[in-house]
Amino acid sequence: MAQQPLPPLARFRFVDPQTGVPTQQAIQFLQQLFTALNTLSAQITVGTGTPNGSVTASPGAIYLNLGGGAGTTLYVKESGTNTNTGWVGK
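For the sequence shown, my numbering assigns the number 12 to the initial residue and increments by one for each residue that follows.
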């Protein structure tokens, strides 16, 4: 069985192997993906740091912290409609 070439996205580097930091290409890809998903009435935001005090949303929204660690990479908005508080790290 001949090996099939990998599609372009499969060769996509999300993290710089030297630094362990997300690549600019990955950040742009994620921003475009989240922009597209947000048109489906689901708010998904990507950034660096905590969303508490800076990202306004309603319950059910998701925030991905590119600089996160255990319990601080994924946040879910659990309370407060159209407020910038109520985010809980998962």
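For the record, the hints were derived by calculation from the structure and aren't laboratory data.
Since we're looking at a predicted model, the values are computed, not measured.
For glycine and all other residues, C-beta sits at the position ideal for the given N, C-alpha and C.
Warning: the hint list may mix true and false statements.
[Stated by the list, open to error] Okay, the calculated beta carbon distance ranges per label pair:
id, residue 1, residue 2, range
1, G58, R24, 19 to 25 Å
2, R24, S90, 33 to 39 Å
3, V32, P70, 29 to 35 Å
4, T96, R24, 16 to 22 Å
5, N49, G82, 31 to 37 Å
6, K101, T50, 22 to 28 Å
7, N49, G80, 21 to 27 Å
8, T96, D27, 19 to 25 Å
9, P28, A53, 20 to 26 Å
10, K101, N49, 35 to 41 Å
Mind checking the hinted window 19 to 25 Å against the Cβ distance between T96 and D27?
33 Å, violated
The hint says 22 to 28 Å between K101 and T50; measuring C-beta to C-beta, is that right?
24 Å, holds
Do the beta carbons of G58 and R24 sit within 19 to 25 Å of each other?
21 Å, holds
Taking the Cβ atom of N49 and the Cβ atom of G82, is their distance within the range 31 to 37 Å?
25 Å, violated
Given a hinted range of 20 to 26 Å, is it respected by the beta-carbon distance of P28 and A53?
Violated, at about 32 Å.
Range hint compliance [Cβ, K101 to N49, 35 to 41 Å]
20 Å, violated
Do the beta carbons of T96 and R24 sit within 16 to 22 Å of each other?
Violated: the Cβ-Cβ distance is about 35 Å, outside 16 to 22 Å.
If you check the beta carbons of V32 and P70, does the distance land in 29 to 35 Å?
31 Å, holds
Distance restraint evaluation - N49, G80, Cβ atoms, bounds 21 to 27 Å:
Holds - the Cβ-Cβ distance for N49 and G80, about 25 Å, lies within 21 to 27 Å.
Given the hint of 33 to 39 Å, check if R24 and S90 actually sit that far apart at their C-beta atoms.
37 Å, holds
Of the numbered hints stated above, those contradicted by the structure are hints 4, 5, 8, 9 and 10, listed in ascending order.
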